[in-house]
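A.B. asks: Sequence lines, in order, name chains A and B.
Using my numbering, the first residue of the first sequence is number 4, and each one after it goes up by one.
Using my numbering, the first residue of the second sequence is number 6, and each one after it goes up by one.
Among the clues, some could well be false.
Keeping only pairs whose Cα atoms sit at most 35 Å apart, straight-line, the calculated DSBU-like set for lysine-lysine is [claimed, not checked]: (1) B:K233 with A:K140; (2) A:K248 with A:K87; (3) B:K235 with A:K229; (4) B:K235 with A:K200; (5) A:K200 with B:K233; (6) B:K197 with A:K122; (7) A:K87 with B:K233; (8) B:K15 with A:K140; (9) B:K325 with A:K140; (10) B:K235 with A:K122; (11) A:K87 with B:K235.
Derived by calculation from the structure, the hints in this document are not laboratory data.
This structure is a prediction, so every number in the text was calculated from the model and none was measured.
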Amino acid sequence: MNGSEPQTDQRQDKPFGFMVQPRASNRLDVTHGTILYLEDVSVSFDGFKALNGLCLYIDVGELRCLIGPNGAGKTTLMDVITGKTRPDSGSVFFGQTIDLLQMDEPAIAQAGVCRKFQKPSVFDGLTVFENLELAMKTDKGAWATLFHRLGSEQLDRIAEVLQTIGLQEYASRPAGALSHGQKQWLEIGMLLMQEPKVMLVDEPVAGMTHHEIDRTAELLLSLQGKHSIIVVEHDMAFVRSIARKVTVLHEGSVLTEGTMDEVQNDPRVIQVYLGD
Amino acid sequence: MNGHSFTNHKAGSVVIALVAAVTVLVPLCNAVFPDGSALHFSAYTVSLLGKYMTFALLGLTLDLVWGYCGILALGHGAFFALGGYAIGMYLMRQIGNRGVYGDPVLPDFMVFLNWKELPWYWLGFDQFWFASLMVLIVPGSLAFVFGWLAFRSRVTGVYLSIITQALTYALMLAFFRNEMGFGGNNGLTDFKSILGFTIQSEAVRLALLMISGLSLIGAFLLSRWIIKTKLGRVVTAVRDQESRVRFLGYRVEMFKLWLFVFAAMLAGLAGALYVPQVGIINPSEFSPLNSLEIVVWVALGGRGTLYGAIVGAVLVNYGKTVLTGLLPEIWLFTLGAAFVLVTMFLPRGLVGLLVRDGKES
Ligand SMILES: Nc1ncnc2c1ncn2[C@@H]1O[C@H](COP(=O)(O)OP(=O)(O)OP(=O)(O)O)[C@@H](O)[C@H]1O
Ligand SMILES: [Mg+2]
């Protein structure tokens, strides 16, 4: 204010918060090996604490499984990270410098934190191909979108993702005509099209056949290292098949973290899943 | 991309071919057949057809925002009226000293109000190019400011509908005031000429019909192209699942704003073509009821198809022309009943009866 403090370019997101579009003003910085920092995050709905002083750290390239009974706050956690829900307190950082709480949903998505929803939400009226095209990482401004033409690289990318999600034959079908499991796959494909740095995957195998579940596990395993992934799932066999590190959420905070065996033998976890 | 959009595409082409036929054949007939011949269209018919063209264009613009983006704008008539006023101001200044008071610069109503000079916002309207620009810029700017505020604050659904209705109502009250300098209650009328040609002449009427028809065709083709671009797909995605689109990284408000401003500018063009053909623009064009009528045209014709809006606008206005001539009292009841019946039994509108699957992608 009085001019004695030198202003650095780094903190441009603070002044004129009203005027400046919320966006990632800083480069992603992961020199400490952590891509997502959630500290002391609390969210309440009409007095009910859906998240309660939650702390969570995700490493670069990690595949983290998040489990917990119904209503534990898993989806709410994803809502907070992706800008859908503003926490009452706490901080959420993408790398060391990008404050996700200063950004809105499109800005967070463009920065590379992308999400698959619990309830499959693809665009039923559009074809499978068009759904993927819509998700593709590219300039998403209105004018750019108006004059957008698919280049051959982009066509290849879509074909590649179609192959990955096994929906090549369905490319020109309306997404609304797909089965529940196929919609899940399509949404995972849309996630891949965004070339995310962090993938938040909420209940990916709900409604899938055993065969589909196995393929989903394979896919997620093949993606670790390239992306940092958080998977929320109730299907314990599936979690076991992909899990490295598992975090158990209960009543809005972290109950415990560890390998699948560690958490499954933890008496508090058994209590939470079996008790009350 | 998928099978059924072809049938909609074809139906749209048929409708636009009919519009083109009227646009070409009416002036041709009047050139070939002498006045008084059965194939020589009367001045009344020519103006009526031209008026329908402008209504169809107006309906088309509402279908863009409502049918494709889910923005149920109940104040769309405001943009039409603003375009009409912009051209009306040019037509007033064309009168020159041929007005009742003979003032070379001031329109009659200003002389009557004892004004000594032209208000600043009337400057430039003696130039046709300037007025034409304003026809697009004024409605476009209003849509931009209004849309910027509304869409950024994520006002949607019925709330948005109500404030658009309030917007046009507020404008109507403002334009009723004499001090506003737009002729108050009486609006702008008694036009004499346009670009130096007598406005009542048959040649001008035919020219206006042709320009209206060509504008409609152009707007239709442009809109159809836009809907088929990726922007069109984003916009329909916004209509179906607005919040989901945000998580893909699209600034939804910018897409709504883009489409809303585009539609408002075309609605302004429709108003500017309408006014010289009917010879008057007054504040009743801002009436909320007018905007509701546009919604009825689109719903009746079939929204989300573009050509449905054209069909609806022409049918409803033809019905209005016939009925208000025969039984003026029952017009509003008929319109209301038709609207209720169509929403209940024909959710895809009248064109939904002909085209098997109207689900647009
Ligand atoms: N928008 C909201 N308004 C009110 N309460 C909410 C809202 N969203 C979530 N909740 C509540 O917060 C709690 C946590 O919900 P959340 O959806 O995060 O649970 P979850 O762990 O994802 O559960 P599930 O495994 O069933 O998906 C629940 O009790 C839920 O009812
Ligand atoms: Mg959940």
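A.B. asks: Of all the hints given earlier, name the ones this structure violates by number, lowest first.
C.D. replies: 6, 9
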